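**Q** As you go down the protein sequences, you meet chains S and U in turn. Each residue of the first sequence is one higher than the one before, counting from 2 in the working numbering. Each residue of the second sequence is one higher than the one before, counting from 1349 in the working numbering.
Careful: at least some of the hints might be erroneous.
Unchecked claim - Derived DEER-like restraints, expressed as beta-carbon distance ranges:
#, chain 1, residue 1, chain 2, residue 2, range
1, S, A172, U, E1495, 25 to 35 Å
2, S, E221, U, S1471, 38 to 48 Å
3, U, E1488, S, P137, 53 to 63 Å
4, U, S1478, S, P137, 41 to 51 Å
5, U, E1470, S, P137, 31 to 41 Å
Hints were generated in silico from the structure; no laboratory data involved. As the structure is a computational prediction, the values presented were derived from the model and not from experiment. Note that the Cβ used here is the ideal one computed from N, Cα and C, for glycine as well.
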Amino acid sequence: MAGTLERTGIQPVPVTELRTVCPPIAIEPESGRKAPAASTYLGQKRAIDAIRFGIGMKHDGYNVFVLGPLGSARHSLVEELAKEPARAKGAPDDWCYINNFSDPERPRALRLPAGKGAEFRDNMRALIEEIQLAIPAAFENDEYGNQLKTLEAETQKEVEGLWRSLHEEAAQEEIALLQTPTGYVLAPLGDGKVIDDKEFDKLPEEKRKKIKRSIKRLSEELKARIETMPKLHKRHRERVRKMDRDVTARAVSVLLEELKQKYQALPAVLDYLDEVQRDIIENGQEFRRTEEPSLPFFSYDSTALFASYEVNLIVSNESDAAAPIIYEPNPSYPNLIGKVEHRAEMGALLTDFRLVRSGALLQANGGYLVLDVHRVLGRPFVWEALKQALLTKEVRIESPAETLGFASTTTLKPEPIPLDLKVLLIGERWLYFLLSMYDKEFGGLFKVAADFDDDVERSNNNVEAYAQLITERVREIELLPLSAAAIARVIEQRARHADDSERLSMHMRSLDDLLLQSDYWARQRGVDQVAIEDVAEAIRQRDSRQDRMQKKIIDAITRNTLLIDTTGECVGQVNGLAVLDLGEYRFGHPVRITATTRVGKGDVVDIEREVKLGGAIHSKGVMILSAALSARYAPDVPLSLHGNVVFEQSYGGVDGDSASVAELCALLSSISGVPIRQNFAVTGSVNQFGRVQAVGGINEKIEGFFDVCKERGLDGSHAVVIPSDNVKHLMLTEEVVESVHKKLFNVYAVRTIDEAIAALTGMTAGERDENGEFPANTLNRLVEDKLIQFAGRRKQFSEGTGDDKGHK
Amino acid sequence: MTKDTSNARRVMLALNETSSLHSLWPAAMEHLSGEHAELITVFVRDDRWRRAASLPFTKEVSRTSGISINFTLQRAEEVDRDVVTRMQGQLKQLATDSKIRLVFEILAEHEATRISEFVRSESDLLIAPSFFKGQPFYSELARLNCEILFVDAKEVTTGPEDY
């Protein structure tokens, strides 16, 4: 077989290029500790520079969107990079919510220097306790009691004086002032007794008239006194109240003076303390309430009064701490913006300023807030609320229903708090591009994109750094140390994960998984160091856990349910290679591609597309085939071919153009009648000029064909033809490499469709000579002759001289 | 206040609607003793309401509004009943608080001399407000065969604070 290919000039890929082996790398465990950043963030200079720039920019809108795949350690990098600027910034101010005495539904925000918030809250608690003792004590002392008695006596004296004078006046005129339950009656007296009508009638006329006049006059006097009474009582109450206020003020001012001295540098606090003082003086009597409630559920809650002087500390920072770096893993609306909680009381939901809760925005205020963008977008109202906060540069704690105007119940409207923070959104690239395209505000708010690389160049320096990274991860996760060979094996696997022998994957989650699983298998063996076989076992076991579908397909092929020939030759039939991606696991397998041709109008029908099983890229690949045929063969005659290309026994969707080389080879075989070797499989895309181009999943594809051939028995005839541009991506399994080394399996790399068809048929493709003709006995000559023949036949049909005249 | 220090088994408390219990009740309590101590209160009704109401020009002036309405006989009876009820209620409450048995008797003004009917022995004690001395029935009281203690009541003024 090799001899046949040698006639075509196509050489197999050297064994050394099938898998770029990493030499053992010994790393001292301690060396990983020295520079974690240098290794962990290997190859992410662009992203690091962008994040540093975003963090360093003080202007509005320079928030950062960190792009990259999940599991690429973006969170730890962001937090690491923010640490130093956070230390330099220092702790931001504390924030409290306090009672708004003039409008309790609108709690006021109070700003205090870092560390002072908790102190002020504790000071106010102590003050309340002191006041609860001091005010009753001030009212219980003898001085107050004496003053109150004096006031009462004065008022009583005044009242009694008024009534006594009336009594005396009435008595002088022999009139009695009688008191009924609801009023007074003036009645004439005779011998000290009230006289009745008979006695009155016996009185002289003049006397009777005099009595009536007296009663009338005294009635007016009586009414005047009755009108005076409420005024006297009101005046008395006012005097008592004023005295109470004076007593309360004296008791409170002593206590508050100390606090005012302490916070004299903070005018806002002083203003608040003045308000507290005024309110306590106004409500001083509440501190003295001791009466029992009339009903149990009407119990008087004295704590409610004292609570109005409490301080709700919603953001607290240590004075010597760094600026906060907050990562909110669940950025729901309340967790991000904050919320106003309620407590159930007698079946009603009540709230006050003490139940205002801060969200991550306020917790990170003055520092850095890290959010996962997919979580932000996935939770209702959060994205809009985040943008609103960043645009207005303030946090307004209100429920989404209020924000949207759906709520009609009265609730708190806490004073907005100024916002000054840097938001670092972490998300996948497609989300960044989606937001850039559809959200007009996004670009203005997130001006810095930090794009994480998926992989890093596999240079000597980077391999060394990657080994350090592995050591660092092992130390951090507290795993068994890796031997030098094991580290090398891990690095090889990282190249395989990157689908490129010249690059190393920076997907940290999958690296951690490999290290963890290698550690597990090492511990199963009872050793204290992870060896290369433990890493290999981890990879094998991981594949084994997920390869059910792969095994099913191989089984179907070996039992000829899925028809794949691995021996013999066939015209118009070729083994293509497909990859199935199952998320965390993907594998390749051969697919039979067939082509049929006849005279036609120069179109190649993609049957997958016709039945809507083919994707757009696959259809594009097939259309290129027509162009390639037209460009390469019989340029002077119209392409008079009708070709059909199909993926046999394919019942799912097909996409991608990686089968276009196989499809073109099947077409050329069908046109020329030259059979294709079935012990070969081919992959690659082709352009209009016949240039074979690189495709993805190259390792899985080769291994997929290898597995089928292995099942049927490797004999050295089996081979895979791949684009030469894919050679650098080869990181095949040791088993495949070993088989190639033993000449049981082969991999050929081709640059052109001529090389590919030559490899598959064993027949030289042939190049045009100086006359523009393909040499005789070459595949291309056969193809061109056939196409010219098709064109002639078509011309005959169009002129009506063909065999099928009358059937145009 | 004159005070007899001797203890009496039966104490009679004579009072009318102008009497102040602030003075009379402590005096009665001071002289009650023994497990079966009994207090007989004799309320002497005042006819002044009916007499005042018989006059066609007498009016009642409201304490709160100052509005005056005719003071009729019907209203006089209401006031009288109210006064008696209130006094009886106060006495009952005081008796309950002091854990003593209480007898409450009502006499019309012209029946005041019937107080003598409640006196059984010389050891009985009659406590009465000192202003009873000026009443027509005082001569009857003076002839009673028992000790009489007149108590100076707090000076009564007619005002809203004292009603």
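**Q** Look at each hint and say if it fits the structure.
**A** Results of checking the hints against the structure:
1. S/A172 / U/E1495: 25 to 35 Å: With a Cβ separation near 33 Å, S/A172 and U/E1495 satisfy 25 to 35 Å, so the hint holds.
2. S/E221 / U/S1471: 38 to 48 Å: With a Cβ separation near 54 Å, S/E221 and U/S1471 fall outside 38 to 48 Å, so the hint is violated.
3. U/E1488 / S/P137: 53 to 63 Å: holds, 56 Å
4. U/S1478 / S/P137: 41 to 51 Å: holds, 43 Å
5. U/E1470 / S/P137: 31 to 41 Å: violated, 56 Å
Checked against the numbered hints listed earlier, the structure breaks hints 2, 5; every other hint is satisfied.
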